[in-house]
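Asks: Protein chains in written order, with our numbering: chain A, 106 to 920; chain B, -18 to 179.
Incorrect hints may appear among the rest.
[Stated by the list, open to error] Once the Cα atoms are required to be at most 25 Å apart in a straight line, the calculated SDA-like pairs of lysine to any residue come out as:
no. : chain 1 : residue 1 : chain 2 : residue 2
1   : B       : K66       : A       : P318
2   : A       : K664      : A       : Y344
3   : B       : K66       : A       : K842
4   : B       : K131      : B       : Q94
5   : A       : K544      : B       : Y114
6   : A       : K805      : B       : R179
7   : B       : K66       : A       : L649
8   : A       : K767      : A       : E712
9   : B       : K66       : A       : T693
10  : A       : K884      : B       : L101
11  : A       : K884      : A       : K905
12  : A       : K664      : A       : L649
13  : B       : K66       : A       : E712
14  : A       : K838      : B       : L101
15  : A       : K884      : B       : L106
16  : A       : K805      : A       : L649
[As the list claims (entries may be wrong)] Counterexamples of contact, computed for chain B against chain A with all Cβ distances above 12 Å:
no. : residue
17  : R34
18  : S72
19  : L91
20  : E96
21  : L101
22  : Q119
23  : N123
24  : G130
25  : S150
26  : N151
27  : V153
28  : T165
Hints were generated in silico from the structure; no laboratory data involved.
Don't be surprised by glycine CBs; every beta carbon is placed ideally from N, CA and C.
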Amino acid sequence: MKRIVLLIAVISTLLSSTVLFAQGIQQTKGSYQDKFRQLDEVLPTPNVYRNASGQPGHQYWQQEVDYEIDVALDEEAQRISGTETIRYQNNSPDTLGYLWLQLDQNRFRSDSIGNMSSTFTGSSPDSGSPARISLAALRALQYSEDAELGYEINSVRDSSGNDLTHTIVGTLMRIDLARSLNSGQNVEFEIDYAYNVVNGDVLRPRGGYEYFPDDENEGGNYLFAISQWFPRLVAYTDYEGWTNREFLGSGEFTLEFGDYEVALTVPSDHIVAATGELQNANQVLTREQRDRLQEAETADRPVFIVTPEEALENESEGVDDTKTWRFAAENVRDFAWGSSRKFIWDAKGHHQEGADQELVMAMSFYPKEGGTLWSDLSTEVVIHTLEVYSRVSFDFPYPTAISLNAGFVGGMEYPMITFNGPRTTLQDDGSRTYTLAEKRFLIGVVIHEVGHFYFPMIVNSDERQWTWMDEGINSYLDGVAGREWDAEIPWGVEPRYIVDYMVSSNQVPVMTQSDSVLRLGPNAYSKPATALNILRETIMGRELFDFAFKEYSRRWEFKRPTPSDFFRTMEEASGIDLDWFWRGWFYTTDHVDISLERVYQMEMNTENPDIDFAREREDDKAFSPSLFSERNRDAGMRTWVERNTDVRDFYDENDEFTVTNKERNAYNSFLEGLEDWEREVLDKAVSEERNYYLVEFANKGGLVMPIILDVEYADGATEQIRYPAEIWRKSPKMVKKLLVTEREIVSLTIDSGMETADADIENNFYPRRLVPSRIESFKSSSSSRRVSRDIMQDIKTELKVAGDDDENEEDESGN
Amino acid sequence: MTRMKKMRVAISRTFFLRTTLAAKRAGLLSVAGLLIFCSAAVYGHQQKTAVTRLLFNSNTGSLEIMHRLFLHDAEHAASVVFGEKQDIIESPDSRALFGSYVVNRFAIALDVQGEPLQELKPHYLGEEIDGQYLWVYQEVPNFATSQVGKSLQLRVINSVLRDVWPDQSNLVNVERGGHVESVTFSVGADSLSVTVPR
Chain A
106 MKRIVLLIAV
116 ISTLLSSTVL
126 FAQGIQQTKG
136 SYQDKFRQLD
146 EVLPTPNVYR
156 NASGQPGHQY
166 WQQEVDYEID
176 VALDEEAQRI
186 SGTETIRYQN
196 NSPDTLGYLW
206 LQLDQNRFRS
216 DSIGNMSSTF
226 TGSSPDSGSP
236 ARISLAALRA
246 LQYSEDAELG
256 YEINSVRDSS
266 GNDLTHTIVG
276 TLMRIDLARS
286 LNSGQNVEFE
296 IDYAYNVVNG
306 DVLRPRGGYE
316 YFPDDENEGG
326 NYLFAISQWF
336 PRLVAYTDYE
346 GWTNREFLGS
356 GEFTLEFGDY
366 EVALTVPSDH
376 IVAATGELQN
386 ANQVLTREQR
396 DRLQEAETAD
406 RPVFIVTPEE
416 ALENESEGVD
426 DTKTWRFAAE
436 NVRDFAWGSS
446 RKFIWDAKGH
456 HQEGADQELV
466 MAMSFYPKEG
476 GTLWSDLSTE
486 VVIHTLEVYS
496 RVSFDFPYPT
506 AISLNAGFVG
516 GMEYPMITFN
526 GPRTTLQDDG
536 SRTYTLAEKR
546 FLIGVVIHEV
556 GHFYFPMIVN
566 SDERQWTWMD
576 EGINSYLDGV
586 AGREWDAEIP
596 WGVEPRYIVD
606 YMVSSNQVPV
616 MTQSDSVLRL
626 GPNAYSKPAT
636 ALNILRETIM
646 GRELFDFAFK
656 EYSRRWEFKR
666 PTPSDFFRTM
676 EEASGIDLDW
686 FWRGWFYTTD
696 HVDISLERVY
706 QMEMNTENPD
716 IDFAREREDD
726 KAFSPSLFSE
736 RNRDAGMRTW
746 VERNTDVRDF
756 YDENDEFTVT
766 NKERNAYNSF
776 LEGLEDWERE
786 VLDKAVSEER
796 NYYLVEFANK
806 GGLVMPIILD
816 VEYADGATEQ
826 IRYPAEIWRK
836 SPKMVKKLLV
846 TEREIVSLTI
856 DSGMETADAD
866 IENNFYPRRL
876 VPSRIESFKS
886 SSSSRRVSRD
896 IMQDIKTELK
906 VAGDDDENEE
916 DESGN
Chain B
-18 MTRMKKMRVA
-8 ISRTFFLRTT
2 LAAKRAGLLS
12 VAGLLIFCSA
22 AVYGHQQKTA
32 VTRLLFNSNT
42 GSLEIMHRLF
52 LHDAEHAASV
62 VFGEKQDIIE
72 SPDSRALFGS
82 YVVNRFAIAL
92 DVQGEPLQEL
102 KPHYLGEEID
112 GQYLWVYQEV
122 PNFATSQVGK
132 SLQLRVINSV
142 LRDVWPDQSN
152 LVNVERGGHV
162 ESVTFSVGAD
172 SLSVTVPR
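Construct the entire structure; sequences and hints are all you get.
Replies: Right, here's the structure in full:
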């Protein structure tokens, strides 16, 4: 009996999963694909929380969570401990019996799902060669076993001090409320907790500590970049309820807005940078530092609050006592901070005329290892980023904007504060230098992370579900801001760079949950960024795109958008149907490859036999003579007809193109039979003698896109014709277009500006052109590119004076 | 004459590289049958991905191998593998050194059923910078010509940068006659097989 029940259960699961995978509407005859099918059945049904135009609905709601956190940082033990008081405001229409919290630090426990489900990345010891593991990977293994990582939750109590039942589920914790929380009510509770800060150099976490053993201070110094450091609420949403998905490492955070009051007790010689505004400057800063901060508000260039010399002095020895830094932040979705005695600190005021927040203090915190790379560039890049992003979205609403240097992080974002990795290199002579690549990386990473202040820190998308919603949009925008910083720096956002990824056979659609995405970089960053770039430059035009994008930003400022809200707003605000675009770029793995298949040159028949027959005779002559006959002639052979010229008949004088009155009469009756308008059209066409070209285009990549056609005429003139993507709507694989021109066409080219990420360039030309591969081009140019010059070496070359001995010339040219 | 001289320099440099790599391998440990996890480093900023294109070029008859890496990744990896002070953009020596590293971490073999693997010996052509990418080029002359009309099974190893960062992911696209077959070297991938249709 039991077995039968089980079997039935299995069968019904199979059945239901088949139903789930099937789309509501299917083409079940033939192979026709409607690339322009509306997304109706794909997008969620609009409702009172999210409406059909992509706006927050008239009953939109979101929860509010306020935190009061009081923790101490133990530098010796690299440990944080303290308490947090959480006030949870239930703005949802629902009654909640329990609350879910995120315990992100538990991801570092050796038994976490994240760790247990990650797999060995090295090779297997087969075919006689041993498996290899890097010492760094082995170190990480040892560290994860030895270190005690993850949260210690000491108590969870309600406001009366009574213990609340709590259940830890991996990186999540459920707190059962003593009384259900009705809509509109709030509840307060307190958590006493601690955790050991993760060694950043070993596990490369988003937040952790960095150790500097070689500093003058005995025992070395620490730099703390602290994030995901307090149990925080899981978001409760109208579209998913509790977004309580285990933190596996790839899908980042889904969070609620709220107000924070944070007290951080750290060694008294530390400088602390944090989300929000410092509340007790009088207690933690010197008078001189406070004066410098004020001076920085109106300075033209960043002002040191802590100079490099002062930081060097500060890091040369430690202290035993502590200080408490107090910060407050309003309406933020997270809070992060950094603390070290090593910090150099510079600041410059950024002024937003007429904004709610007129003064924003842009600041950078970095150790001497950041050096002039940071003091010259970081704060200025922060301000540049705020200017560009505010222009395309909304005024920056927060009082501070910080770039903090942590060596173990590539780049990571939080409200008002970012952690960025670039460093200088210590040379043997004691100086610190950096390469051009490192400079470009600093500019790029600071723009990108500061850009996240807007997306997703303010336009609060669900990162655990959709990485592309913040990373893709932000990568598009960092390309905008980057090229406005220095157009000469290659930002890598040109459409052609995504081609290799888009033709690959083992990719997944952009609309894939973050932890399941294969190759997160191109999938969630570059491809959606390229798509938006193409949408702006090629599909919509800048004016319409910028209007729609700003509309999206403003609608969802301090709210939580989903993909459909973005898709609907962009479409609705621009007036352009984009379902085909979202479908192609975000819901499928098609790529772009439009081919110029064939071109036919044609001439209009006049129907007048005296004209048409003569033309046909000319055409006939234009054919090459028979090779067979040519060779006979060359061999001196004469045909019977040539040898017997006396035998002639009617057809020797009249060929098959001879016009008789029979054809003329037919022509005349044809003309008589025409309506007046038909005759006018014919007369016009005949008198104009235009050239007619039938051009066949094939869509080989599957992704429908506009056809951008460059036409070159015999007189040297050129013209660009842009056919909208809708040209494919009834025939997604092949379309034809008739070109009617006065001038003769000598060549046609598709996408000459490389706007569309067209994968195969070779089929973009008529007449066909051989496009050399990268390697063929490389071989012919023999790496004479300027960028490969060693300028630092070449600049030492002495100028030769006429008459100098030239005997070494050969050697130099061969260098 | 000049050209001859160039060649000799290149060869000796390559030789020097090999020894350097061997020395650095001391930093890698040999272990047999060990299961471990590597926690992936994660970033708000995208890097740590590379693409290798294997192109059956019917114009030249070669199998062209084109590795595309982020410049900044390449520079940091070069510093890890060869020691500090690598400057990929400004210094051709750094670039060549890194190019030799890349070709030493890439291998390709023809896999004919019932026969031992037949390793191809690509020629190292050089490297160049394009935008924010470093390209490293190799080719197997006449390979495309010699295989015309045959469907093939290739065995590929691409551990470029994967010995530096466990979270490095390398996409390999095999392109022949407009058709693309892909494999990705990331978590757990060692040597991968690609079937290339005619």
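Asks: Now tell me, hint by hint, if it's right for this structure.
Replies: Verification of the hints:
{"no.": "1", "hint": "B:K66 to A:P318", "verdict": "21 Å, holds"}
{"no.": "2", "hint": "A:K664 to A:Y344", "verdict": "13 Å, holds"}
{"no.": "3", "hint": "B:K66 to A:K842", "verdict": "58 Å, violated"}
{"no.": "4", "hint": "B:K131 to B:Q94", "verdict": "14 Å, holds"}
{"no.": "5", "hint": "A:K544 to B:Y114", "verdict": "15 Å, holds"}
{"no.": "6", "hint": "A:K805 to B:R179", "verdict": "18 Å, holds"}
{"no.": "7", "hint": "B:K66 to A:L649", "verdict": "47 Å, violated"}
{"no.": "8", "hint": "A:K767 to A:E712", "verdict": "13 Å, holds"}
{"no.": "9", "hint": "B:K66 to A:T693", "verdict": "44 Å, violated"}
{"no.": "10", "hint": "A:K884 to B:L101", "verdict": "21 Å, holds"}
{"no.": "11", "hint": "A:K884 to A:K905", "verdict": "31 Å, violated"}
{"no.": "12", "hint": "A:K664 to A:L649", "verdict": "23 Å, holds"}
{"no.": "13", "hint": "B:K66 to A:E712", "verdict": "79 Å, violated"}
{"no.": "14", "hint": "A:K838 to B:L101", "verdict": "38 Å, violated"}
{"no.": "15", "hint": "A:K884 to B:L106", "verdict": "8 Å, holds"}
{"no.": "16", "hint": "A:K805 to A:L649", "verdict": "29 Å, violated"}
{"no.": "17", "hint": "R34", "verdict": "6 Å, violated"}
{"no.": "18", "hint": "S72", "verdict": "5 Å, violated"}
{"no.": "19", "hint": "L91", "verdict": "16 Å, holds"}
{"no.": "20", "hint": "E96", "verdict": "15 Å, holds"}
{"no.": "21", "hint": "L101", "verdict": "15 Å, holds"}
{"no.": "22", "hint": "Q119", "verdict": "9 Å, violated"}
{"no.": "23", "hint": "N123", "verdict": "14 Å, holds"}
{"no.": "24", "hint": "G130", "verdict": "21 Å, holds"}
{"no.": "25", "hint": "S150", "verdict": "6 Å, violated"}
{"no.": "26", "hint": "N151", "verdict": "10 Å, violated"}
{"no.": "27", "hint": "V153", "verdict": "9 Å, violated"}
{"no.": "28", "hint": "T165", "verdict": "6 Å, violated"}
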